[in-house]
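Undergrad: Chain by chain, the residues run as shown.
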Amino acid sequence: MLNVETMSSSQQYIQLYEEQRALLEQNSCPTMNAQRSKAAQLLAQKKLPTRRNERYRYFNVQEAFAPDYGVNLLRTLPAIDPYATYRCNVPNLSTQLYFVVNDTPMLHCAPNQPTEGVTICAMREAGALLQEYYNKAVNDADTVAALNTMLAQDGIVVHVAAHTKVKHPIQLVNVCDAAMAMMSNRRLLIVVEEGAEVQFLLCDHVAGKSAYLTTQVTEAFIGRQAKVDFYTIEENADNVNKLALYYVQQQAESRVAMNGVTLHAGHSHNHVNVQLLGQHADHFTAAAVIAGDRELVDYNIVVEHVAENCNSEMLYKYVLDDESEGAFAGKVLVREGAQHTTSQQTNANLCVTPTARAYAQPMLEIYADDVKCNHGSTVGKLDETALFYMRQRGIPETEARLLLQHAFVNEVLQRVELEHLRDRLAHLVELRFRGELSKCAGCKMCQ
Amino acid sequence: MLEIKNLHARVEGKEILKGVNLCIGDGEVHVLMGPNGSGKSTLSHVLVGNPKYEVTEGSITFNGKNLLELSPEDRAHEGIFMSFQAPTEIPGVSMTNFMRAAINAKRAYFGQDQIPAAEFLKMLKEKRKLVGLDAHFMSRGVNEGFSGGERKRNEIFQMAVLEPLFSILDETDSGLDVDALRIVADGFNMLRTEKTSAMVITHYQKMLDYLKPDFVHVLVDGRIVKEGTAALGYEIEERGFDWIKEEVNNA
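Going line by line, the protein sequences match chains Z and E.
Last residue of the first sequence: number 447 in my numbering, and the count goes up by one each step with no gaps.
Last residue of the second sequence: number 698 in my numbering, and the count goes up by one each step with no gaps.
It is worth saying that the hints were derived from the structure and are not from the lab.
Some hints here could point you the wrong way.
Said to hold, decoys possible - Listed next, the stretches of chain E that the computed footprint assigns to chain Z, with coverage defined by at least 3 CB atoms under 8 Å from CB atoms of chain Z: (1) 512-520; (2) 528-541; (3) 552-566.
Stated by the list, open to error - In silico SDA-like links for lysine to any residue, alpha-carbon gap of 25 Å or less: (4) Z:381 - E:458; (5) E:452 - E:694; (6) Z:381 - E:501; (7) Z:381 - E:518.
Since we're looking at a predicted model, the values are computed, not measured.
Ideal Cβ placement from N, Cα and C applies to all residues, glycine included.
Take the sequences, apply the hints, and build the full model.
TA: Put into structure tokens, the structure is as follows:
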């Protein structure tokens, strides 16, 4: 009985797909269209996840999909010019900036052109590259990903040619902005060829007060010896349900860092699947999560060591205030034959109030016999002794609390390699703790 | 400067202070001695307003103000400083940021602007030299990875920066070797003026030698039972506390 709502949601969207298929496909491209019926079948068969699904234990999918959302099947262009409306850059860090408003890539009006060796285009225009990679990294028969594949009509493709060292980070900003309740199905495909180096800044923002549901599937194919940093910044509000799914495949000797900062969320599920396919690949994933009110931030990560001699590290730190909930479920899966795997999982939670909830679930699943895997998680309160020490020195209690909370997540911020971004994030985090980061005011990277 | 009258206080429901009376004048250094568990640290924590300690009776007046009505931070701004017996580690909060926050809070309390960066750094440098604390400690987390001796030096460094009127040294000498003790004591002595006072908790004669206190008080079972000059301190060093306890019992 529990999943009646879910069944109806799954059914409802499958029905939408079946009824509107012609329109949906007409406004998309052959490669995306080719994946739809298989995705619809999977969704029909497995339905949207419930809490009984291991990877959605902490996120209520039924509730997220319950409202009646509009879908922009006609691909009506948003009436705004995001490049004029939202100013989004980190001071002293000039980025190659692109917007996605709801699920429409706004590339044509972008003021900047990609630098040499970088191709950025809409999926509808990507052709052969899309055909080669689209939906190929999605490896877990996840039905949220299936729903996205069934309904997504466009997205962004970023290609970085072999041995290109991209100087300015590529910044992609997702904005929810609609006058009515809306569902966006976003799609991002990143292909970084051998030996290339690039940094991505991926931002999620919301403008307006309507209810939003976004599913976003990112696939990243990282070539041999490539070095890629992803910085994700979430600055949403309580009217947003976000399900972000990342599928990352790494070839030999590649290095990927995924560093997330959540400043505000509604209900946020971040689903990360990493496959280390070539020897000596290195993956670092981290997040600093700051949640308050009734926000929920859920990270569910599986790093799969397929090849030998790879290293992975997870570092997740949550500061949870009010009645917020933070969930971390991280699994290191070492496949048979992936000898000499090293991995480290760290999850630490600071519950500022007795009503905040932290769920910590570090997991190891190992099928090789010569590996070094460590994991640890903690849930704690603010250190009263430290708090009093600071007050004795004259630091007011609110300021002392703020310093302690900031210090707690600072370990994650320190791992951000771009100095200007690191400073900017530290500043934003401080504003967030001070409650001076107002919600729904567009992009916060500029102010 | 400080007037404590009939002070009763408890911690976790247990009464520790049972009527303490103590007056400390401007420019005076008082030493507080007493057997373990007699209430010395409790008295210190009550003076700085630690919320774990509950005052059930009595009064504390500090330069004419009712101290018990002030928050710990306001007491600090009014000029009360405590060198902690076991200074806390605060990982991730750098010494520099910590001191800046403390100084600016005090300035804000007195309606002054924030301290200019150059002035702040210059001052840190001067005060560091006073206690022989290396520059690299400033970028480390507060007491993070500091040795016992470094922590105690750091306490005196903070005292030098904050320039309190009244300082409480709660066993600042414990765990220090002879050289570190001299550095800490010299630092303290250099900060002494006719306007500043201190209450020093110690078990050691060496501290008496260095500080040359004006008065010595003995706390037994939550009350001050004997008072005298530095000579009393030396007598205790030699004879222990039992003879004082006997005096109390016989009285």
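Undergrad: Does each hint hold? Answer for all of them.
TA: Hint by hint, here is what the structure shows:
1. By the rule of at least three residues with a Cβ nearer than 8 Å to a Cβ of chain Z, the coverage given for the stretch 512-520 of chain E holds, with 3 such residues.
2. Under a criterion of three residues with beta carbons nearer than 8 Å to beta carbons of chain Z, the stated coverage of the stretch 528-541 of chain E is upheld, 10 such residues being counted.
3. Counting residues of the stretch 552-566 of chain E whose CB falls under 8 Å from any CB of chain Z gives 3; the rule of at least 3 is met.
4. Proposed proximity of residue 381 (chain Z) and residue 458 (chain E) is supported: the alpha carbons are some 21 Å apart, at most 25 Å.
5. Pair hint residue 452 (chain E) plus residue 694 (chain E) holds up; C-alpha atoms about 23 Å apart against a cutoff of 25 Å.
6. At roughly 23 Å between alpha-carbon atoms, residue 381 (chain Z) and residue 501 (chain E) fall within 25 Å of each other, so this suggested pair holds.
7. Taking the CA atoms of residue 381 (chain Z) and residue 518 (chain E), the gap is about 22 Å. The hint holds against a cut of 25 Å.
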